[in-house]
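**Student:** The residues making up each chain are set out below.
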Amino acid sequence: MNPIALDPRDLAIAGALVAFDAGLSVALRLGLHRRLLWAAARMVVQLVAVGFVLRAIFALKHPLATLAVIVAMAAVAAREIAARPERKFRGGAGLALSAGAVALATVVTVAFALATAIRPQPWYDPRYAISLAGIILGSVLNAGSLTLDSLLGGVGRERAAIEARLALGESFREAVAPLLREAIRRGLLPVVNQMSAAGVITLPGVMTGQILAGLDPLEAVKYQILLMFLLAGAGGLTALAIAFGALRRLTDGRQRLRLDRLEQG
Amino acid sequence: MAEPASAASQDPQRPARLSVQGLRSGISGPFDLELAAGTCLAVTGVSGSGKSLFLRLLADLDPGEGRVLLDGVDRASVAAPLWRRRVPYVAAESGWWLERAADHFPAGRRDAARALAQRLGVGPEPFDGEVRRLSTGEKQRLALVRALVLDSPVLLLDEPTGPLDPDSARKVEAVLLERMRGGTTIVLASHDPEQGGRLGAAAAMMRDRRLERPR
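Protein chains in written order, with our numbering: chain X, 1 to 265; chain H, 1001 to 1215.
For the record, the hints were derived by calculation from the structure and aren't laboratory data. It cannot be assumed that every hint is accurate.
[What the hints assert, rightly or not] Computed spacing ranges between beta-carbons, pair by pair:
#1 X:R34 <-> H:G1026: 47 to 53 Å
#2 X:R173 <-> H:S1047: 49 to 55 Å
#3 H:G1182 <-> X:P178: 42 to 48 Å
#4 H:P1124 <-> X:V107: 54 to 60 Å
#5 X:R34 <-> H:R1024: 56 to 62 Å
#6 X:P178 <-> H:G1026: 50 to 56 Å
#7 X:V108 <-> H:P1124: 51 to 57 Å
#8 H:E1212 <-> X:V107: 33 to 39 Å
#9 X:V107 <-> H:S1135: 50 to 56 Å
#10 X:R173 <-> H:S1077: 20 to 26 Å
#11 X:G253 <-> H:P1124: 40 to 46 Å
Where a beta carbon is used, it is the ideal one built from N, C-alpha and C, also for glycine.
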């Protein structure tokens, strides 16, 4: 069965719904219509551009081109993770940390998927590798930024408690153990919620897309289950790497709490 | 400069209990001083003069250069947690990490801690209660007890009686004097110039993050 192809006229009709929102904003003086229309236009341009890029890359089927796209996506995710927390590391430490964590989680999970469950021929077939990396990066971004935000906010808030423990001779590891647990927990919660809501409260995007594209629902569900497991793995790896990496940066050889390595908050 | 008599401080062969040599950080020091066992140094000075920074440097909570020796042993040769267990620092603002106050004391020392708290005027009810119900003064005294039960050779105390009424402050001072008689060396930051006198302490003044000692 072939998917129902959309032509520009179909999209224009659906676009009327955005115009409705804009009208609402004008009528209720929400002051949102400019931003709304701008966002809608941006979305259309960005997605069409991505469509063309992906079509070109898919046609190339070159491992380096595939890799370049994945690296570019990962770099954007790493930048977002480093930029989102309210308290940030001074200098490039935050970016180095998030880049390392993103690279680790993405490479491990994508390689795991390409080597076991999904074995495309060739393995670097961009249709699989890029799509997989994109979905996984979304989860990595979420887990990473939540973990980092929780941890960096926590050390500032709990400074007196952590230093009191250090000052009594506890090790840095003991003193920050509650924060470490809380940060990793925060990072993992979205994946847990996503899995428990899947199919009941939400129809996951990939599954919906595949069903719309004409795939048998059970086949689509199998893909979705595999993806959820991959996302869980990627989220866990990211949370772990970010939390341990950030704590390493927050201490030194004498097990001090080095809040001077954070921007003034 | 009044130094309390103590057997350890009389012996010229023995290394000083606490010896500080050229200790400095990017913003404070250099500090040089020697303290015998059982003595007290009371550091006064206006807020922001660097009293807390000095104590934190001694505790190795802030990075710095220079040497600090405990009974002749360089702290660089000792793991940081072990150093801080021997030279514990009690901050002016106490920190807590569990719900119940009593849980902040190691199980083996909880009874000793309860007895000490009682002596300082903190009864069993606050001691076994929740931290968020403690008054500032109770917190300050219990934080001091946390360091006292370590039985360390040195104590670094930042405004230990700051939030206390005079009566409670005397109780704290009595316990500190008792510890000094047992050989404990105390470095104290205090707003109260009289306190050093009551403890028989050597006096020093912190000014612009440097220590001035009257001769």
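**Student:** Provide an ascending list of the numbers of those earlier hints which the structure does not satisfy.
**Tutor:** 2, 3, 6, 8
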